[in-house]
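Take the sequence shown: its position 43, counting from 1, is numbered 43 in UniProt numbering, and each next residue is one higher.
Note that these hints are calculated values from the structure, not bench results.
You may find that some hints are simply not true.
Said to hold, decoys possible - Listed next, the in silico DSSO-like pairs over lysine-lysine satisfying Cα-Cα at most 30 Å (straight line):
hint : residue 1 : residue 2
1    : 59        : 79
2    : 99        : 68
3    : 99        : 3
4    : 59        : 71
5    : 59        : 78
6    : 78        : 68
7    : 79        : 99
8    : 59        : 99
9    : 71        : 99
10   : 79        : 68
11   : 78        : 99
Stated by the list, open to error - Simulated restraints on C-beta separations:
hint : residue 1 : residue 2 : range
12   : 24        : 2         : 30 to 36 Å
13   : 3         : 64        : 35 to 41 Å
14   : 75        : 16        : 28 to 34 Å
15   : 78        : 12        : 30 to 36 Å
16   : 64        : 4         : 30 to 36 Å
17   : 79        : 12        : 15 to 21 Å
18   : 3         : 80        : 15 to 21 Å
Each residue gets a CB set at the ideal place from its N, CA and C atoms; glycine is no exception.
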Amino acid sequence: MAKLSLFDRRRRRVRTALRARSGDRPRLSVHRTGRHIYAQIIDDAQGRTIAAANTLGGKGADVDAAAKVGKDLAEAAKKAGVTSVVFDRGGFLFHGRVKALADAAREGGLEF
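The task is simple: from the sequences and hints, build the whole structure.
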């Protein structure tokens, strides 16, 4: 069995901690690539996506684009009736684009 990469170890550690303290709140999951950033709110109990936003329609994924994704996701969550979530950064460090998305989602009305 292959040794886990640092990214995979971080991801497992974060997800394990989330399961322990999430309760019944949905999960705000973030995925970042070199070109884009994706975020979705997932209800793990039902196994469905409640709201999603990404930078696919725009020009790249800098910090400003990530903030826009956070605002768009917060608006979509409000329409779906979600106000409180658990932030799942996956294996990504809470810095730069991931932090900008989280801050914008908080400003948009999501609590985490």
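Hints, verified against the model:
{"no.": "1", "hint": "59 with 79", "result": "26 Å, holds"}
{"no.": "2", "hint": "99 with 68", "result": "12 Å, holds"}
{"no.": "3", "hint": "99 with 3", "result": "29 Å, holds"}
{"no.": "4", "hint": "59 with 71", "result": "17 Å, holds"}
{"no.": "5", "hint": "59 with 78", "result": "26 Å, holds"}
{"no.": "6", "hint": "78 with 68", "result": "15 Å, holds"}
{"no.": "7", "hint": "79 with 99", "result": "23 Å, holds"}
{"no.": "8", "hint": "59 with 99", "result": "19 Å, holds"}
{"no.": "9", "hint": "71 with 99", "result": "13 Å, holds"}
{"no.": "10", "hint": "79 with 68", "result": "17 Å, holds"}
{"no.": "11", "hint": "78 with 99", "result": "20 Å, holds"}
{"no.": "12", "hint": "24 with 2: 30 to 36 Å", "result": "35 Å, holds"}
{"no.": "13", "hint": "3 with 64: 35 to 41 Å", "result": "37 Å, holds"}
{"no.": "14", "hint": "75 with 16: 28 to 34 Å", "result": "31 Å, holds"}
{"no.": "15", "hint": "78 with 12: 30 to 36 Å", "result": "31 Å, holds"}
{"no.": "16", "hint": "64 with 4: 30 to 36 Å", "result": "33 Å, holds"}
{"no.": "17", "hint": "79 with 12: 15 to 21 Å", "result": "33 Å, violated"}
{"no.": "18", "hint": "3 with 80: 15 to 21 Å", "result": "40 Å, violated"}
Checked against the numbered hints given earlier, the structure breaks hints 17, 18 and satisfies all the rest.
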